[in-house]
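Residue numbers (our numbering), protein chains in the order written: chain A, 1 to 98; chain B, 1 to 725.
A hint or two may mislead.
Stated by the list, open to error - Just some of the chain A residues that point at chain B, by a computed CB distance under 10 Å:
#1 28
#2 30
#3 57
#4 74
#5 82
Rather than coming from a laboratory, the hints here were simulated on the basis of the structure. Using N, Cα and C, we set each Cβ at its ideal position, and we do this for glycine too.
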Amino acid sequence: MVVTKNLEDKLLNVKVEGRLDTATAPELEAELAEVLDKADELVFDLEGLEYMSSAGLRILLATQKKMGLKGGMKVTNVNDVIMEIFEITGFSDILTIE
Amino acid sequence: MPKKTIKEMSASERRRHSLEAKTFHAVLMVSLLLGIVSLIMGLGLYAYSLGNQLIKDSFNLTASLKMVLDGSIDISGPCRRTVDIYHSLSEEEKAVQDEAYYERYSEIAQDPTVISAGRVLKDFYDNNNVGDIFIAMYDEETCTLLYIADPDEKRPYPTGTWEEVEERELRRFLSWDGKGTLYDLSYTAKYGWLCTTGVPIYSHDGNICAFVLADVSLTELFNGMRGFVTNYVIATAITVLLLGYLMKRHIKKNMVVPINEIAGAAEEYVRSKRDSGATTTNHFEGLKIDTGDEIENLYLTLSGMENDLNNYERDLTKAIKDKERIGTELNLAMRIQRDMLPTIFPPFPERPDFDIYATMIPAKEVGGDFYDYFLIDDDHLCLVMADVSGKGVPAALFMMASKILIKTTSMSISDPAKILERVNNQICNHNSQEMFVTVWLGIVELSTGKLTAANAGHEYPMIKKASGQYELIKDKHGFVMGGMENMKYTSYEIQLEPGSEVFVYTDGVTESTSEREELFGTGRLLEALNSKAFDTPKEVLDNVIRSANSFVGKAPQFDDITMLCFSFKGPNAWLEVEKAKTEAQREDKYMKELTLEATITNIPKVTDFVNEELETLGCPLKVQMQIDVAIDELFGNIAQYAYDPLTGPATVRVEVEDDPMAVIITFIDHGKPYDPLESEDPDTSLGAEERNIGGLGVFLVKKTMDDVTYEYKNGQNILRIRKNM
Chain A
1 MVVTKNLEDK
11 LLNVKVEGRL
21 DTATAPELEA
31 ELAEVLDKAD
41 ELVFDLEGLE
51 YMSSAGLRIL
61 LATQKKMGLK
71 GGMKVTNVND
81 VIMEIFEITG
91 FSDILTIE
Chain B
1 MPKKTIKEMS
11 ASERRRHSLE
21 AKTFHAVLMV
31 SLLLGIVSLI
41 MGLGLYAYSL
51 GNQLIKDSFN
61 LTASLKMVLD
71 GSIDISGPCR
81 RTVDIYHSLS
91 EEEKAVQDEA
101 YYERYSEIAQ
111 DPTVISAGRV
121 LKDFYDNNNV
131 GDIFIAMYDE
141 ETCTLLYIAD
151 PDEKRPYPTG
161 TWEEVEEREL
171 RRFLSWDGKG
181 TLYDLSYTAK
191 YGWLCTTGVP
201 IYSHDGNICA
211 FVLADVSLTE
221 LFNGMRGFVT
231 NYVIATAITV
241 LLLGYLMKRH
251 IKKNMVVPIN
261 EIAGAAEEYV
271 RSKRDSGATT
281 TNHFEGLKID
291 TGDEIENLYL
301 TLSGMENDLN
311 NYERDLTKAI
321 KDKERIGTEL
331 NLAMRIQRDM
341 LPTIFPPFPE
351 RPDFDIYATM
361 IPAKEVGGDF
371 YDYFLIDDDH
381 LCLVMADVSG
391 KGVPAALFMM
401 ASKILIKTTS
411 MSISDPAKIL
421 ERVNNQICNH
431 NSQEMFVTVW
441 LGIVELSTGK
451 LTAANAGHEY
461 PMIKKASGQY
471 ELIKDKHGFV
481 MGGMENMKYT
491 SYEIQLEPGS
501 EVFVYTDGVT
511 ESTSEREELF
521 GTGRLLEALN
531 SKAFDTPKEV
541 LDNVIRSANS
551 FVGKAPQFDD
561 ITMLCFSFKG
571 PNAWLEVEKA
581 KTEAQREDKY
591 MKELTLEATI
601 TNIPKVTDFV
611 NEELETLGCP
621 LKVQMQIDVA
631 IDELFGNIAQ
641 YAYDPLTGPA
651 TVRVEVEDDP
661 MAVIITFIDH
671 GKPYDPLESE
681 DPDTSLGAEE
691 RNIGGLGVFL
701 VKKTMDDVTY
711 EYKNGQNILR
721 IRKNM
């Protein structure tokens, strides 16, 4: 998993590539923890993400809860597999997916 | 030579010594004695009375003769003249009584008074049974008897015949006072015993001039006596023999035979007892003895005794049997008690994740120490170490009851403190003997190494942690069990790591006493435990025993020495086992297996392994992604929770089905039993604020896979997912 962060004027762009799973989720969590307080708005770019397991969902949910109080959170470039996961878990209703 | 008993004698000897013979002899002896005495007395009496009669008759004859003479014939003249002539003769003239001598008395002999007196005498002689009857005079001077008239024709004593007489006779006759019977007994060679009776004839001047004398021979009397004796002896002998014979028969019938019967019965009794060990006999009872005396009494007594002995023996046999039975049963009970302790090591050879060794060295007397270990389920091992108060059978019984109660209760209650509380109450309910038991009880969750334990007044456990050293764990002691109802106990938890060991023991170990009366103590025990690293629990215990023995020396062992060592290897110990199994199954065509330590870092290895298989099947990428997610969820769960805080192995198996084409992936682990399908699905309709993050993974798997099943089997969680292609 590769995480690329870009914070521009309170807008945080986070690009996640590879696999977001049990093993890698803590890494993303740590990365986010560093910058999340500084951002009001967050955009996840999942274009390069192959799949996501519930560990990733946990992070998305936790982040959504935090960002929902601020400027909000968007998830972009979701592939089929991940979209199906969002749909199955009801995350498609919670997240703002573009 | 020792005296023979009647039993050792021959038949003839026995006859001689028998009661019959003795009776017979006794009768003979007594009869003989009596016979002799009575014979002597009879003879005496006979002789006395008959003799007396003879003498009296003879005397009366002389008296009546004298009276006849006194009335008719005066013979005093011729008498005096005869005496005178006799006196006038010289010694020489008297010496020879020849015709010349008699010539001198012829004139007197021819005297008519003499002749007529002779005639009277003759008359008397003829008519009476006397030896001789004559008239004669004793001459004091010459001590002779001078015959005056003697009519005996066969043996004539002419007038003037003299013969010497005993002076005693002479004096008696001459000095007779006229009272009683005048007689004299004398023995003559010629006539034998003679009795001479006589009556004096007085002359006119009142002097004795002669005697009428009669001789009576006693020989006849004695002859009569001889006959009497002969008859008497014959009669007596016959009587005695008859009497003896009858007595003998009587004795034989009434004594000898019954006594022999009794003796025979006694012999039979002894023989039957000795040879066949008969318990019920009726040797005496069978006899028919009806003598009505002491022998019958003896028979009745013996018969009663036999009966009593039979009863006694029956009772005794029963008592002995009872005792034997009780002894056997007691031994059996002891063995059952001993067998209650598991003694097969290793007790769970199929389990690589732990090892146990325990031992009890019993003291002389049976004690109540016990240990126990058993799997409550595949994931929970219960360890028990206990010590019942007291010794002997009561302690053994109490131990059995306690052990069973603890085990059965442990099967249904998982908290050690609660187990002890329940068992304590159950013991208290039925503890009339006020016995108690100290117990340490621990339950190890084998998949995680979590030891939960509680202590009811027992010795502190020794636990070896990761540091590699045994430590005394001063756990919270509850009250001994059986002491008081409704006691509360406290469970405590200790996390065991792979390599941890638990050593529990009874006070028999720490209170082993040396010859110098020193206690082995926990200090020395700890020293022994930490003296080096041991490979197996058995080595640990052996070393403790060695140390204790060398410390105790020759002092006797007072108490049971009971110890248990549990060695925890950790769930990862399964890894090699499972890997070996996987290796064995690698040949299988459509089944691929991978066994590895379940860690998060190992997830990619699993994913790669499965993907490789999926690729050969031409699995669509989307399906592969879904499966990868499922692997992440499921294997991740095992890695994070199954062995927490330890790690253990997991096996992932990939199988392919043809119709319809499907992939089946199985996740197997030795972790604590956990069915992920049991938890409720998360409510996916809730908003972000209300959503919980738990349960999503499994939910995802359920939704993306075509079938998910779970089972717990052989200590393993088996989760199977199926994805149709």
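Hints, verified against the model:
1. Given the 10 Å rule on beta carbons, the hint for residue 28/A is violated: about 14 Å separates it from the nearest Cβ of chain B.
2. The criterion of a C-beta within 10 Å of any C-beta in chain B is not met by residue 30/A, whose closest approach is roughly 15 Å, and the hint is violated.
3. For residue 57/A, the interface hint holds, since its Cβ comes within 10 Å of a Cβ in chain B; the closest pair sits about 5 Å apart.
4. With 10 Å as the threshold, the beta carbon of residue 74/A stays out of range of chain B, its nearest partner Cβ sitting at about 14 Å, so the hint is violated.
5. Interface restraint check: residue 82/A against chain B, minimum CB-CB distance 8 Å, threshold 10 Å, status holds.
Taken one by one, the earlier hints fail for this structure at numbers 1, 2 and 4, listed in ascending order.
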